[in-house]
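Peer 1: For reference, the chains in residue letters:
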Amino acid sequence: MDCNQVFVSKVKRLIIVFTLLIAFFSIKVDAFAQVDSAAHVVEAPAAESKKFDIGKFALHHIADSHSWHVIGETYLGLPVILYTNSGFVTFNSSDFKRDDNATVVVERDGQRFVKMHEKIYYASADANEHGQFVELNAEHHAENKRPLDLSVTKNVCTLLISIVIMLAVFLSVAKAYKTRRGKAPKGLQSWLEPIILFVRDDIAKPNLGHKYERFMPYLLTVFFFIWFNNMLGLVPFLPGGANLTGNIAVTMTLAVATFLLTIFNGNKHYWKHIFWMPGVPVPMKIFLAPLEFVGILTKPIALMIRLFANISAGHILMLSLICLIFVFNSLWVSVASVPFAIFIGAIELMVAFIQAFIFTILSALFIGMAIEEHH
Amino acid sequence: MTGSIAAIGAGLAAIGAGLGIGRIGGSAMDGIARQPEAASKIQTAMLIAAAFVEAVALFAVVVALMGNG
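Note that the protein sequences, when read in sequence, are chains V and B.
Residue numbers for the first sequence follow our numbering, so the first one is 1 and each next one is one higher.
Residue numbers for the second sequence follow our numbering, so the first one is 1 and each next one is one higher.
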């Protein structure tokens with residue numbers, strides 16, 4: 001009991017430190033907003049004659065970013081952490097003055113960096129004819145070398161925020177179960193209990209059989225992580241708005257976790273069914289083995305793509321509906337597009353839950369297939 | 001040009017997924033109408049099957065997006 005309390009207090013301290021850290025980095029609100037808006041006015045006539053590119057706009061908004069758009073011309077600068085040729089270099093992303101086209105050079109420790117399309121490059125010595133400090137190839141991609149980018153980007157920030165929220169929620173609920181033993185659930189506890197029971201009774205037990213308890217921590221973590229982050233992604237203002245579960249690296253990490261659990265918990269019957277399928281003739285066994293082996297790999301890949309594509313598609317759909325106003329360049333389009341976007345938003349609330357459910361139940365299904373007893 | 005072809009590909013994927021999920025949903029409705037007490041089990045199975053169909057469509061959409069880019 002005593003040891004447990006020490007752990008809880010340590011975790012609490014960790015939460016406070018993380019919150020302060022995020023707050024600290026967030027303080028440096030972009031001071032160059034004024035300068036930049038003036039520059040926008042000059043650019044405006046040229047931009048107006050160009051057609052509004054809905055695809056580019058939507059893809060830009062679901063992508064990860066080094067700064068966080070708050071409202072209007074206000075952006076939060078996030079920390080940039082680079083592993084360069086001469087060790088670690090850190091600075092705030094607002095030093096780029098919101099430039100994303102390699103025109104502003106940041107100099108740190110005798111090294112010069114530029115940002116182009118949310119990627120950080122070593123700057124060239126001289127600017128090219130467009131004022132960009134990079135070498136462009138025929139496809140207008142930068143050819144400069146890149147440092148290893150370990151920055152706390154918008155997605156990383158959301159990840160930390162969701163960890164803080166989840167720790168706060170689940171530690172308080174866990175504490176409530178200790179102090180209110182034998183009593184009816186109350187508050188947060190009565191909100192979470194049905195969901196936890198749903199994961200246990202509808203996801204874990206039917207797929208994993210009597211060994212379900214070993215995998216409950218993983219399934220609950222994955223379920224709530226995906227669900228909380230899907231919901232955070234639907235919040236259009238600051239604590240949310242990042243497309244974390246629609247980032248293929250994040251979904252890949254989750255899928256790899258399921259994959260590792262499956263292969264390390266697989267019993268001999270599972271492996272026998274893959275490499276030497278019982279009950280079929282030998283030529284067929286040889287034919288089936290590579291197919292089944294590929295099957296092990298495609299399952300987590302499908303998990304990864306499903307979550308990524310579903311959440312990204314939802315974000316793109318909502319952005320596209322709002323963008324119709326700018327495509328037709330008329331305020332009257334909003335009469336149709338805004339209610340429809342709200343309707344899709346309501347459907348996305350459901351999708352957020354369903355995708356968390358699907359990911360968890362398929363993970364349970366794959367693990368269940370691996371640990372199934374022979375009969 | 002590649003953009004239009006990618007759009008046609010995404011549209012074809014949507015047709016396939018629509019047919020597939022439509023059949024799954026319809027059959028699940030049939031099942032629930034015949035046996036309402038099994039509704040929750042049928043729903044779970046329906047969602048899993050729909051997820052598999054949808055995954056294929058989403059593969060196609062991702063390929064279309066990459067082809068477009």
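The hints are simulated quantities; they were obtained by calculation from the structure and are not laboratory data.
No residue lacks a Cβ here, since even glycine has one placed at the ideal position from N, Cα and C.
One should not assume that every hint holds.
[Said to hold, decoys possible] Restricting the straight-line Cα-Cα distance to at most 20 Å, the calculated cross-link-like pairs of lysine to any residue (SDA-like) are:
#	chain 1	residue 1	chain 2	residue 2
1	V	Lys145	V	Gly187
2	V	Lys119	B	Met66
3	B	Lys41	V	Lys119
[Stated by the list, open to error] Rough simulated footprint, nothing fancy, chain B against chain V, three-plus residues with beta-carbon under 8 Å:
#	stretch
4	295-306
5	350-359
[Unchecked claim] Using C-beta positions, here's what the derived DEER-type ranges look like:
#	chain 1	residue 1	chain 2	residue 2	range
6	B	Met66	V	Leu317	36 to 46 Å
7	V	Phe57	B	Gln35	22 to 32 Å
8	V	Ala174	B	Met66	21 to 31 Å
9	V	Glu193	B	Gly18	22 to 32 Å
10	V	Phe353	B	Gly18	38 to 48 Å
11	B	Ile15	V	Pro239	31 to 41 Å
12	V	Gly182	B	Met66	54 to 64 Å
13	B	Gly18	V	Asn128	45 to 55 Å
14	V	Phe57	B	Glu37	48 to 58 Å
15	B	Gly18	V	Val105	47 to 57 Å
Peer 1: Each hint: holds or not?
Peer 2: To see whether the hints hold, each was checked on the structure:
A distance of roughly 54 Å separates the Cα atoms of Lys145/V and Gly187/V; the hinted pair therefore is violated under the 20 Å criterion. For the proposed pair Lys119/V and Met66/B, the alpha carbon gap of about 19 Å is at most 20 Å, so the pair holds. Among the hinted pairs, Lys41/B with Lys119/V is inconsistent with the structure: their alpha-carbon atoms are about 47 Å apart, more than 20 Å. Coverage of the stretch 295-306 of chain V by chain B holds [criterion: at least 3 residues with CB-CB distance below 8 Å; count 3].
Only residues whose C-beta sits within less than 8 Å of a C-beta in chain B count toward coverage, and the stretch 350-359 of chain V has 3 of them, enough to reach three; the restraint holds. A beta carbon spacing of about 18 Å between Met66/B and Leu317/V contradicts the range 36 to 46 Å that was offered as a hint. The hinted window of 22 to 32 Å between Phe57/V and Gln35/B is violated, with their beta carbons roughly 48 Å apart. The given range of 21 to 31 Å is broken by Ala174/V and Met66/B, whose C-beta atoms sit roughly 44 Å from each other.
As the Cβ distance of Glu193/V to Gly18/B is approximately 38 Å, the hint placing it in 22 to 32 Å is violated. For Phe353/V paired with Gly18/B, a C-beta distance near 22 Å fails the hint of 38 to 48 Å. For Ile15/B and Pro239/V, the Cβ-Cβ distance of about 39 Å falls inside the hinted range of 31 to 41 Å, so the restraint holds. Evaluation of the 54 to 64 Å hint for Gly182/V and Met66/B yields a pass: the beta carbon distance comes to about 56 Å.
The given range of 45 to 55 Å is respected by Gly18/B and Asn128/V, whose C-beta atoms sit roughly 48 Å from each other. About 49 Å separates the C-beta atoms of Phe57/V and Glu37/B, a value consistent with the hinted range of 48 to 58 Å. Our hint of 47 to 57 Å for Gly18/B and Val105/V holds, since their Cβ atoms are close to 51 Å apart.
The structure fails hints 1, 3, 6, 7, 8, 9 and 10 (numbered hints given earlier, in ascending order).
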